[in-house]
Amino acid sequence: MKNLVILGAGTAGTMMANHLVRVLPPEKWQITIVDQYKTHYYQPGFLFLPFDLYKPKQVKKKGKKFIPKGVRYINEKIERIFPDENRVELESQELSYDILIIATGSKIYPEEVEGMKGPMWHKNIFDFYTYEGALALRNYLREWQGGKLVVHISEMPIKCPVAPLEFAFLADDYFKRKGMRDKVDITFVTPLDGAFTKPRATKALHYLLETKHIKEVPNFDIERVDYEHNKIIDYADREVEYDLLVTVPPNLGDAVIERSGMGDDMNYVPTDKATLQSKAYENVFVIGDASNLPASKAGSVAHFEAEILTENIQRYIKGQPLKKEFDGHANCFIETGGGKALLIDFNYTHEPVEGTFPLPGVGPLTLLKESRTNHLGKLAFRWIYWNLLLPGRHIPLVTATMSEAGKHFETKES
Amino acid sequence: MEKVIANIPVKVNEQGYLLDFSQWNEDIARELAREKGIVLTDEHWRIIRYLQEKHKADEPLSIRGIKKSGIIPIKEFYRLFPGGPLKVASLIAGIPKPKSCL
Ligand SMILES: Cc1cc2nc3c(=O)[nH]c(=O)nc-3n(C[C@H](O)[C@H](O)[C@H](O)COP(=O)(O)OP(=O)(O)OC[C@H]3O[C@@H](n4cnc5c(N)ncnc54)[C@H](O)[C@@H]3O)c2cc1C
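Residue numbers (the working numbering), protein chains in the order written: chain D, 1 to 414; chain V, 1 to 102.
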């Protein structure tokens, strides 16, 4: 009996378990999946939780529900991977493997910025990238009387890079609905050149910041949070004051990658960007946010990767050359507030494009333009996530590599 | 877009980043630095080489990576390449602007 071990039962790991159980003969392969938590969180929902748009039970479910029969599910912390010995150490046991899939994701490390995770953490400094953070922020916002709201990105890359901007848009909407928009000053602080950095997206979207009266502070590389005087300070000694700081702390790969000596500077595993095989070990594959691919860290990317990785695992087992197919395809909805959203679609080499995108049951969605249907698309994504994405069902019409149909292309750097 | 830098025509994008690293040389770097008001010292060159190595190895560049590598304290990095050190240093090094999304 051979062993295939999947580390992490988040979006990517769960999808892989569902895909592989269908294609690997059970008499030859034992599939095992490990995660420290019994709960599976729908992370895209963390964006809506602070504004009371989603309820806690819509964003968390029992992980076990999504692990298929025939797959061994272990709830334990992964202590260390020994890739030279093909084994993994968990809290109370050891697993040996023939093939390893790393899907341990990416998470926030507020302790990486001086003063961030100090006495004011979750008091007037919040994250919304964790369930706990989003919930604490919801409770705080319910009572907040207004003042300076600073929405802040510590450093790139972060998962779902548009989420902080969406947060600012939804905040604008939320305070309008509560009749207190005039009491709130919203500033968006980013280490990038601007809120939108791809030229095409900037051209198409900058008006959104203007019409919503959101100020922009670009090129801000944070050095520390001065929590006693409520301001953030960058390496060039610039200061931005806040009453309420909503920050996205540094996103790094899980510490287990560092402990195992398998990561880069950010604890991401160096991975071949077309085949998803790790660069250092041929029987180790990486999927989702845990890899160092120059693609977006998004659930939609993990979905596209899963199809290609399933194929490549089968090829690897048969000793065939791996398919070099992954093109960095990503698409994401951007909530713009007021019941509207826009959708962008891009890959390693193409800028976000205008045009249309098919989503089953919702219809053609417009790319790069605000619309109500896109907002419905984003809401539908939650249903799709739990019912199609995690179980590894094919989403009709949506292909792993980027399709050029219906889109107005302009190649990058032209 | 084409731009003549240090008497050599090179391909650049609209933000001035070189599109083809094989066209880069030290004269071009000096000229690009001059446009940013920087005179390159040994310390600058050490950082430029480091960034080029990382780029060749397909490793994404970030302030964090620089910090963690211990190659230079971040405050010092700012002093050498004022106004967004990673962006400015990458431009001079002839490599793409550090990746970000959207
Ligand atoms: C606020 C927010 C909004 C987002 N919005 C969108 C969106 O609109 N669209 C979109 O496509 N994506 C979105 N994303 C991104 C998406 O959620 C992630 O890209 C996706 O979940 C990545 O899947 P993954 O399996 O790689 O990682 P995860 O889903 O994070 O799974 C990693 C798993 O590994 C486990 N693990 C890690 N280390 C260990 C260890 N040492 N021991 C045991 N278990 C371990 C974790 O417990 C976790 O369950 C959003 C993310 C956030 C935070």
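Just so you know, these hints were derived from the structure itself, not from any lab. One or more of the hints may lead you astray.
[Said to hold, decoys possible] Here are the computed lysine-lysine pairs in the DSSO-like style, where the Cα-Cα straight-line distance is at most 27 angstroms:
no., chain 1, residue 1, chain 2, residue 2
1, D, Lys69, D, Lys369
2, D, Lys273, V, Lys36
3, V, Lys11, D, Lys215
4, D, Lys323, V, Lys68
5, V, Lys68, D, Lys273
6, V, Lys36, D, Lys107
7, D, Lys203, V, Lys75
8, V, Lys11, D, Lys107
9, V, Lys56, D, Lys203
10, V, Lys87, D, Lys107
11, D, Lys231, V, Lys11
12, D, Lys203, V, Lys67
13, D, Lys2, D, Lys183
14, D, Lys60, D, Lys148
15, V, Lys36, D, Lys279
16, D, Lys324, D, Lys340
17, D, Lys231, D, Lys203
18, D, Lys203, V, Lys68
19, V, Lys3, D, Lys231
20, V, Lys87, V, Lys75
21, V, Lys56, D, Lys231
22, V, Lys11, V, Lys75
23, V, Lys97, D, Lys324
24, V, Lys68, D, Lys77
25, V, Lys11, V, Lys68
26, V, Lys68, D, Lys117
27, V, Lys11, D, Lys279
28, D, Lys273, V, Lys87
29, D, Lys2, D, Lys61
30, D, Lys123, D, Lys107
31, D, Lys212, D, Lys77
32, D, Lys61, D, Lys77
33, V, Lys75, D, Lys273
34, D, Lys215, V, Lys97
35, D, Lys123, D, Lys57
36, D, Lys203, D, Lys215
37, D, Lys324, V, Lys56
38, D, Lys279, V, Lys56
Structure-based check of each hint:
Taking the CA atoms of lysine 69(D) and lysine 369(D), the gap is near 42 angstroms; set against the 27 angstroms cutoff, the hint is violated. Between lysine 273(D) and lysine 36(V), the direct Cα distance comes to roughly 34 angstroms. Violation of the 27 angstroms bound is thereby established for this hinted pair. A threshold of 27 angstroms between alpha carbons decides the hint, and for lysine 11(V) with lysine 215(D) the separation of about 35 angstroms lies outside it, so the pair is violated. The straight-line distance between the Cα atoms of lysine 323(D) and lysine 68(V) is roughly 34 angstroms, outside the 27 angstroms bound, and the hint therefore fails.
For a cut-off of 27 angstroms, the pair hint linking lysine 68(V) to lysine 273(D) stands: about 24 angstroms separates their Cα positions. Taking the CA atoms of lysine 36(V) and lysine 107(D), the gap is near 36 angstroms; set against the 27 angstroms cutoff, the hint is violated. Only pairs whose Cα atoms come within 27 angstroms are accepted, and lysine 203(D) paired with lysine 75(V) is rejected, the gap being roughly 33 angstroms. Restraint check for lysine 11(V) and lysine 107(D): the C-alpha separation of about 38 angstroms exceeds 27 angstroms, so the hint is violated.
Straight-line distance between C-alpha atoms of lysine 56(V) and lysine 203(D) comes to about 31 angstroms, which puts the hinted pair past the 27 angstroms bound. A distance of roughly 25 angstroms separates the Cα atoms of lysine 87(V) and lysine 107(D); the hinted pair therefore holds under the 27 angstroms criterion. Pair hint lysine 231(D) plus lysine 11(V) does not hold up; C-alpha atoms about 42 angstroms apart against a cutoff of 27 angstroms. Restraint check: the Cα-Cα separation between lysine 203(D) and lysine 67(V) comes to about 33 angstroms, which exceeds 27 angstroms; the hinted pair is violated.
For the hint linking lysine 2(D) to lysine 183(D), the alpha-carbon distance of about 62 angstroms lies beyond 27 angstroms, and the restraint is violated. A C-alpha spacing of about 31 angstroms is found between lysine 60(D) and lysine 148(D), which places the hinted pair above 27 angstroms, so the restraint is violated. Restraint check for lysine 36(V) and lysine 279(D): not satisfied, since their Cα atoms lie roughly 37 angstroms apart, outside the 27 angstroms limit. Taking the CA atoms of lysine 324(D) and lysine 340(D), the gap is near 37 angstroms; set against the 27 angstroms cutoff, the hint is violated.
For the hint linking lysine 231(D) to lysine 203(D), the alpha-carbon distance of about 31 angstroms lies beyond 27 angstroms, and the restraint is violated. With a C-alpha separation of about 35 angstroms, the suggested pairing of lysine 203(D) with lysine 68(V) is violated against the 27 angstroms cut-off. Straight-line distance between C-alpha atoms of lysine 3(V) and lysine 231(D) comes to about 42 angstroms, which puts the hinted pair past the 27 angstroms bound. Distance restraint check for lysine 87(V) and lysine 75(V): the Cα-Cα separation of roughly 15 angstroms lies within the 27 angstroms cut-off, and the hinted pair is therefore satisfied.
With a C-alpha separation of about 38 angstroms, the suggested pair lysine 56(V) and lysine 231(D) falls outside the 27 angstroms cut-off, and the hint is violated. For the suggested pair lysine 11(V) and lysine 75(V), the alpha carbons sit about 32 angstroms apart, so the restraint of at most 27 angstroms is broken. Only pairs whose Cα atoms come within 27 angstroms are accepted, and lysine 97(V) paired with lysine 324(D) is accepted, the gap being roughly 25 angstroms. For the hint linking lysine 68(V) to lysine 77(D), the alpha-carbon distance of about 26 angstroms falls within 27 angstroms, and the restraint holds.
A distance of roughly 33 angstroms separates the Cα atoms of lysine 11(V) and lysine 68(V); the hinted pair therefore is violated under the 27 angstroms criterion. Pair hint lysine 68(V) plus lysine 117(D) holds up; C-alpha atoms about 20 angstroms apart against a cutoff of 27 angstroms. The straight-line distance between the Cα atoms of lysine 11(V) and lysine 279(D) is roughly 31 angstroms, outside the 27 angstroms bound, and the hint therefore fails. Restraint check for lysine 273(D) and lysine 87(V): the C-alpha separation of about 24 angstroms stays at or below 27 angstroms, so the hint holds.
The straight-line distance between the Cα atoms of lysine 2(D) and lysine 61(D) is roughly 31 angstroms, outside the 27 angstroms bound, and the hint therefore fails. Distance hint between lysine 123(D) and lysine 107(D) is fulfilled; the C-alpha atoms sit about 21 angstroms from each other, no more than 27 angstroms. Distance restraint check for lysine 212(D) and lysine 77(D): the Cα-Cα separation of roughly 44 angstroms exceeds the 27 angstroms cut-off, and the hinted pair is therefore not satisfied. For the hint pairing lysine 61(D) with lysine 77(D), the CA-to-CA distance comes to about 19 angstroms; that is within 27 angstroms, so the pair holds.
Distance restraint check for lysine 75(V) and lysine 273(D): the Cα-Cα separation of roughly 33 angstroms exceeds the 27 angstroms cut-off, and the hinted pair is therefore not satisfied. Restraint check: the Cα-Cα separation between lysine 215(D) and lysine 97(V) comes to about 24 angstroms, which is no more than 27 angstroms; the hinted pair holds. For the given pair, lysine 123(D) sits about 24 angstroms from lysine 57(D) by alpha-carbon distance, which is consistent with the 27 angstroms threshold. Only pairs whose Cα atoms come within 27 angstroms are accepted, and lysine 203(D) paired with lysine 215(D) is accepted, the gap being roughly 17 angstroms.
Restraint check: the Cα-Cα separation between lysine 324(D) and lysine 56(V) comes to about 20 angstroms, which is no more than 27 angstroms; the hinted pair holds. Pair hint lysine 279(D) plus lysine 56(V) holds up; C-alpha atoms about 15 angstroms apart against a cutoff of 27 angstroms.
Hints 1, 2, 3, 4, 6, 7, 8, 9, 11, 12, 13, 14, 15, 16, 17, 18, 19, 21, 22, 25, 27, 29, 31 and 33 from the list above are not met by this structure, while the remaining hints are.
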